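Participant: Sequence:
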Amino acid sequence: MDLKKVWENVLLETQGTVSAMTYDNWLSKTEAVCIADDELLVSADSDVTVNVVETRYTELLRECTKKVAPKIRNIKFVSPAEKSRYEGGRYISLEELNEDSIVAEEYYTNFVPKYTFDSFIVGKSNEFAAAVSKAVAENPGVKYNPLFLYGGVGLGKTHLMHAIGNFLKKSDPTLKCMYTSSERFTNDLIEALRASKKADEMKEFRRKYRSVDVLMIDDIQFISRTVATQEELFHVFNDLYFADKQIIISSDRPPQEINPLEERLRTRFQGGLVADIQPPDLEMRMAILQTKALSQNQQVDDDVLSLIANKVKSNIREMEGLLTKVISYAHLTNRSVNDPEVVAGALRDYGDDKPETVTIDRITDEVCAYFNVSKADLVGKKKTKDVVEPRQIAIYLVTEFLTTPLITIGEHFGNRDHTTVMYARDKISEKVKEDGRIARQIKDLKDMIMKR
1 MDLKKVWENV LLETQGTVSA MTYDNWLSKT EAVCIADDEL LVSADSDVTV NVVETRYTEL
61 LRECTKKVAP KIRNIKFVSP AEKSRYEGGR YISLEELNED SIVAEEYYTN FVPKYTFDSF
121 IVGKSNEFAA AVSKAVAENP GVKYNPLFLY GGVGLGKTHL MHAIGNFLKK SDPTLKCMYT
181 SSERFTNDLI EALRASKKAD EMKEFRRKYR SVDVLMIDDI QFISRTVATQ EELFHVFNDL
241 YFADKQIIIS SDRPPQEINP LEERLRTRFQ GGLVADIQPP DLEMRMAILQ TKALSQNQQV
301 DDDVLSLIAN KVKSNIREME GLLTKVISYA HLTNRSVNDP EVVAGALRDY GDDKPETVTI
361 DRITDEVCAY FNVSKADLVG KKKTKDVVEP RQIAIYLVTE FLTTPLITIG EHFGNRDHTT
421 VMYARDKISE KVKEDGRIAR QIKDLKDMIM KR
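All letters in the sequence shown, in the order written, are residues 1 to 452 by our numbering.
Hints may contain errors.
Taking lysine-lysine pairs in the DSS-like style, the calculated list, with each CA pair at most 30 angstroms apart, reads [unchecked claim]: (1) Lys197 / Lys67; (2) Lys443 / Lys383; (3) Lys29 / Lys311; (4) Lys66 / Lys76; (5) Lys433 / Lys381; (6) Lys83 / Lys313; (7) Lys143 / Lys208; (8) Lys143 / Lys176; (9) Lys443 / Lys311.
DEER-style ranges, computed between Cβ atoms [what the hints assert, rightly or not]: (10) Arg207 / Met448: 44 to 54 angstroms; (11) Leu294 / Thr55: 22 to 32 angstroms; (12) Ser119 / Ala20: 20 to 30 angstroms; (13) Thr291 / Thr384: 45 to 55 angstroms; (14) Thr333 / Lys134: 38 to 48 angstroms.
Worth flagging that the hints you see were computed from the coordinates, not collected in a lab.
The structure presented is a predicted model; accordingly, all values stated were derived computationally and were not measured.
Beta carbons: idealized from backbone N, C-alpha and C, even for Gly.
Could you build all of it, start to finish, from the sequences and the hints given here?
Facilitator: If you want it as structure tokens, here you go:
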């Protein structure tokens, strides 16, 4: 089966799960680029589509891909501009693209060259995280160990991790610096445990992860809940920490809100320095867009930058994607990027139905209308079944759409504490997998929230 046919079958699998509107607007615009080992690289017609599909539908596409091609273990998204990195279905690293030949070392990681401290726009929302990241890069393993970075999707956590990696490779190329995701860590462990020569594979797994000077794990909130995975991560952490090796972890939430997570791991994550990244203010968003525009040799007026910056307030990647779309639209129509008609045409399909406009109140109202429950009951103390389940669903949806702290969510829903919020979120998360009725309700509500 060729790659195009594989992806056609994957998309066919999704049609029974998502609405026709979702499929037509987003999923149908994706395409498979190539397969790198056991990873399928996927792109789309625009940066915006890539960002939306990656944010909302990665897990669905991964599950559907497993049904069609079981040997593919993961999906990675690449922007339309990045597709040139892949020639003849072969994955080409950024370094291989930019240099004639490179012999990759065992611990060589393809840190994105453009993600540096110089290219990271610093403002009030991220200045602390940027400062401590630079300090760690200058003296790895000396202080701020572990460094735990957290913040919403697209706010710069991965940029800072790559910036640290690029800085270290330039300052001390002999360092063994590994960047991985929690999912990759889990998959590597599962592969080792399932190997025919289990003892040898586990020995290799441990050597790989415990022999580094700097270990970066992205999106730790997705770490497997299995005892074996968290047990192995605990021992990797201890070996590196007590050998004064630097550990850097990122998440979309602080350690105390990651669940399920063994308490001994939680305390170790909290034992170093925890730094958060908040959504940027308007001035900073415009500065980020201006830098992006200049990097593409584009002079974009402030009113255009302001319009884009006001459309996306909590996801830098998506905001940059909109700018790229405007620039591309201007280029393809042979008109000025500052032409109001060009801007309007490029952004016409980007209305108020995007996730950054979703609020906790809107989600609450949609749930109340769907279940015919009064808002006073939903956010109050009533504990009857006809209210409790909708309340838990509302809490779950808030955590799905927003990066609101659990404490704030608890305050909204009747001054409940964050553990109650975590319980509601996790309970519905499990029910979605096991109960078709709940899964349909969640799907209906998500569609309603996004369509409005």
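Participant: Could you run down the list of hints and mark each one as holding or not?
Facilitator: A quick look at each hint next to the structure:
1. Lys197 / Lys67: The given pair, whose Cα atoms are some 27 angstroms apart, holds under the 30 angstroms limit.
2. Lys443 / Lys383: At roughly 24 angstroms apart (the allowed maximum being 30 angstroms), Lys383 and Lys443 satisfy the hint.
3. Lys29 / Lys311: Judged against 30 angstroms, a Cα distance of about 22 angstroms means the pair holds.
4. Lys66 / Lys76: holds (14 angstroms)
5. Lys433 / Lys381: holds (28 angstroms)
6. Lys83 / Lys313: The given pair, whose Cα atoms are some 27 angstroms apart, holds under the 30 angstroms limit.
7. Lys143 / Lys208: holds (24 angstroms)
8. Lys143 / Lys176: Holds, because 18 angstroms separates the two Cα atoms, which is no more than 30 angstroms.
9. Lys443 / Lys311: At roughly 25 angstroms apart (the allowed maximum being 30 angstroms), Lys311 and Lys443 satisfy the hint.
10. Arg207 / Met448: 44 to 54 angstroms: Between Arg207 and Met448, where Cβ atoms are some 51 angstroms apart, the hint holds.
11. Leu294 / Thr55: 22 to 32 angstroms: holds (27 angstroms)
12. Ser119 / Ala20: 20 to 30 angstroms: violated (40 angstroms)
13. Thr291 / Thr384: 45 to 55 angstroms: holds (53 angstroms)
14. Thr333 / Lys134: 38 to 48 angstroms: holds (42 angstroms)
Hint check: a violation occurs at hint 12 only; the rest are consistent with the structure.
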